[in-house]
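Student: Quick note, the sequences are listed as chains H and B, same order. For the first sequence, the working numbering gives the first residue as 1, with consecutive numbering after it. For the second sequence, the working numbering gives the first residue as 1001, with consecutive numbering after it.
For the record, the hints were derived by calculation from the structure and aren't laboratory data. Be aware that one or more of the hints could be misleading.
Said to hold, decoys possible - With a straight-line Cα cutoff of 20 Å, these simulated SDA-like cross-link-like pairs (lysine to any residue) come out:
no., chain 1, residue 1, chain 2, residue 2
1, H, K45, B, P1142
2, B, K1119, H, G221
3, B, K1119, H, T2
4, H, K22, B, C1102
5, B, K1119, H, L184
6, B, K1119, H, L189
7, B, K1119, H, S96
8, H, K22, B, K1119
9, H, K45, H, N171
10, H, K22, B, P1100
11, B, K1119, H, R16
12, H, K45, H, A224
13, H, K22, B, A1101
14, B, K1119, H, M1
15, B, K1119, H, L4
16, B, K1119, H, L3
17, H, K22, B, P1008
18, B, K1119, H, K45
19, B, K1119, H, F35
20, B, K1119, B, E1106
21, B, K1119, H, A17
22, B, K1119, B, G1144
23, B, K1119, H, G8
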Amino acid sequence: MTLLADTGVVFGRYLRATLRSKTNLFFGMLQPLLFLALFGPLLTKLSLGVSGSSWQTLVPGVLVQLALLGGSYVGLGLLMDRNLGVIDRMRVTPVSPLALLLGRVLRDVVQLVAQSVLLVLLGLAFGLRAPLAGILLGLLFVAVLSAALAALSYGLAMHVRTSPEFAAIANTAGMPLMLLSGLLLPMSLAPGWLDGASRAVPFRYTVDAVRQAYLGHYADGTLALGAAVTLAMAALCLTAGARLFRRAER
Amino acid sequence: MPTPPLHPPAIRTRGLTRTFQLPAGPVHAVRGIDLTVDRGEILGFLGPNGAGKTTTLRMLTTLLPPSGGEATVAGHDLRGDSAGVRRRIGYVAQSGGLDPACAVREELVTQGRLHRLPKAEARERAEELARDLGLTALLDRPTGALSGGQRRRVEIALGLINRPEVVFLDEPTTGLDPGSRAELWDLVRRIRAEHGTTVFLTTHYLDEADALADRIVVVDAGVIVAEGTPADLKARHAGDPTASLQDAFLAITGRSATADEPLAI
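If we strip away everything but chain B, and leave its shape as in the complex, we get (with noise of 0.2 Å):
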């Protein structure tokens, strides 16, 4: 019987739901997802177009209300103290969030003011996370001027300000070279092991979720069709711990995450 972990998890949904009133009728684009993420885990969370990811995403970063169901993020009750989860979490969109003519060392000072950080102190944090980002150079430099990977960097570093207890990272590598990649899945690494930080992360990548996820959820429809570490997934679904993500992923779903490329949402 494994030890339960000492710490309350990180994430904790019951039954979250959201339905969408359009005037065509109602879309049940979240029905019911019951989810638990421990403190210090990176979860990837996969699904077809369409599944509901965004939307669960979105209800779990606050900007949406769930129809229904419960959830504590961060230690804060989601429906009655969003304001508590908003001050623990980060969030990286997956477009940008950045202004081309702005210097990154002002985006990030605006960042942690606007996380009620005295202004020395949001200057002391922007340097220090540049420092932790590898992106001391280009503390003066327009955010325009970045290259895809950097600016990924900055945005990454946004949602870090607050040293957040939750990450939640959308489509995170989304548009960048191999290059690039492979040097934010350790920045991913990094800031977990690091701070301990609980990485919530969405993908089309599966070979990226196979890469850092400790364990994986599958959605589609609007609920949870799969979850356990790849190997698991692969064992059960593709019939061989080897085989895979992709495999696997066929297997539950019954069709791919994506066309050859991933499709922006």
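The shape of chain H in the complex, shown without the other chains (with noise of 0.2 Å):
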């Protein structure tokens, strides 16, 4: 009951924060927006080897692109906040550290989710044809899917000192994962040894569930499975994220 109600302390702290700062928010959403707007109408004439419009194939790519990079970048924000002392101050009260993180992920999962919100309705304006049911399942593994790269984020920002340190590791392990997602274009035009590689990386699934849910196939054993694969590794990440978050020490 208390974690709850200094979650929410400290959610409405860093709510209020971003809503301070609109040029962040924009600035967040610059690269999914970018490849929806300059990326995607390449591909509306280009046949993709899927059912559905390119739109149906690219959105949810791009929605997934947002909650990866955003998601894993907000650890920068809490690294400034280390070395501002503002955690410290913060932890020299009877909150438990774990609300400390969860208020934070729960702000990054709303700002997320916001930001794919304008995502879709540009997509909408682009040509975008999808079942509310669908971009609404859509959103929803975004928010999962954010809450899990956030936690996880934070868990490393607790345990390097410097932006570029962050950014390195971030970088190393985000970039590969990405292209190997499927984001941008569908794995089924890979040749065999991408398509297999790709099998082991989770966002693969999410991608497939929220393009199956675009297309309205909601009994598809692709969304059950991309939501459990979502789930699990959500379950996973703010475990360790936790973990890491609490056996920080300096």
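Dock chain one against chain two, each of which comes alone in its own frame, and use the hints as you go.
Tutor: What follows is the structure in structure tokens.
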């Protein structure tokens, strides 16, 4: 009960901070936005070997890209807070470290879902047509994925000392995982070895699930599999992130 | 024979130790500190760079678990009841902890709510502290718009939100102009005088330790190498109670507390 209340206080503080900086909100979604607006139209005449329009293939990918990029870099904000002494100040209070983590993660989920809604609206403007239930399911996937990556990102941020160190680790891990998830183009286009490698990446299942949702194929095994993988990943990442957060010493 | 204090001490440590396991080998930052601080005392904690001051401070404020020894802070066992310790202490870090875009009032209220004060009470407490520390006119300004001295006062207010029994000040006047420093010294004295708060203060400024501290503890290489009132230390180590604390410090540690400028850690 107190964990909920404590998380709420932390969430409120960080949400107010986010709402105060509108430019950051925009720049956070810039990359997926550019892919949508400037890369998306290139795909409309191509045959991608999947059912549905190219937008039904791309927009889910761009949403997962937002969750991945946005989620993995939130740690930089925490690192700044650490260096400014904000984290220490908040730790010498009755509030548990878990509340400090969850409050921030919740703020990130809200922010990323809000940005996702904007991306979907833009997609609709470009010609995306998808069932409402599918779109909502997609947002749910984004929410869970964002929570997972944000928690991991914060865990990392508590154990490195400088921004360049953090960025190096996040980049090195993030880039290949993004490319292997089939975010921009479906893995149905891939040669066997690439497709096989991709199956080891959990995000691939998330993208596939959202793509099926956007086609209205809810009863598809793909959706259920994607949900299971995403939830399992979230559970793992939140646990790992919480542990790293608690064990931080400096 | 002096009469023993009526209340248990605000801080008591026995053999407090901290070792860091680094890839290059273990670092014994703090090697057995025995310390007693009475209630309502202002204790100056001094030492050259790398002496273990910050590590000791972080242990006492529950930010770092000790590797060994025991301690009781504000009536709670440091290792067994760190949550209890956190409820009864205040911590003012060396570097800010303020969001420049956030208003003073909001920072104070949020800190109050982190101490589990209900919203209305947190707001009242913010107003009360603002009156106490001369911040009322600044409550609705973003902290980034404040001067260095004003920001320090806000940071100290944040450390006092929960009416702590012990407040830990880490280099409170580093980087401040002489006017703000003097103002802050008066503030520290008032906090102790009006509320009986125990103050544990680390500093590089020996004139500050001399002016504020009832007692001084000097650490070097992870152990206590001297303690006593400023006058005691000057008499014992510099040979003359009217000598400067700087001379005493040099005699005790064999080097200065700082170069010409205090170094930021």
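Student: Would you mind marking each hint as holding or not holding in the structure?
Tutor: Hint by hint, here is what the structure shows:
1. H:K45 x B:P1142: violated (52 Å)
2. B:K1119 x H:G221: violated (48 Å)
3. B:K1119 x H:T2: This hinted pair holds, its Cα atoms lying about 14 Å apart.
4. H:K22 x B:C1102: Distance of about 14 Å is within 20 Å: holds.
5. B:K1119 x H:L184: violated (47 Å)
6. B:K1119 x H:L189: violated (56 Å)
7. B:K1119 x H:S96: holds (19 Å)
8. H:K22 x B:K1119: Distance ~27 Å between K22 of chain H and K1119 of chain B Cα, so the pair is violated.
9. H:K45 x H:N171: Violated, at roughly 32 Å.
10. H:K22 x B:P1100: holds (15 Å)
11. B:K1119 x H:R16: Holds - the C-alpha atoms of R16 of chain H and K1119 of chain B are around 16 Å apart, at most 20 Å.
12. H:K45 x H:A224: Not satisfied, since the Cα-Cα distance of roughly 30 Å exceeds 20 Å.
13. H:K22 x B:A1101: holds (12 Å)
14. B:K1119 x H:M1: holds (17 Å)
15. B:K1119 x H:L4: holds (15 Å)
16. B:K1119 x H:L3: Between K1119 of chain B and L3 of chain H the Cα gap is close to 16 Å, so the pair holds against 20 Å.
17. H:K22 x B:P1008: violated (52 Å)
18. B:K1119 x H:K45: Not satisfied, since the Cα-Cα distance of roughly 58 Å exceeds 20 Å.
19. B:K1119 x H:F35: Roughly 44 Å separates the two Cα atoms, so the pair is violated.
20. B:K1119 x B:E1106: holds (11 Å)
21. B:K1119 x H:A17: holds (18 Å)
22. B:K1119 x B:G1144: Since the Cα atoms of K1119 of chain B and G1144 of chain B sit roughly 24 Å apart, the hinted pair is violated (cutoff 20 Å).
23. B:K1119 x H:G8: holds (12 Å)
Comparing the model with each numbered hint stated earlier shows that hints 1, 2, 5, 6, 8, 9, 12, 17, 18, 19 and 22 do not hold.
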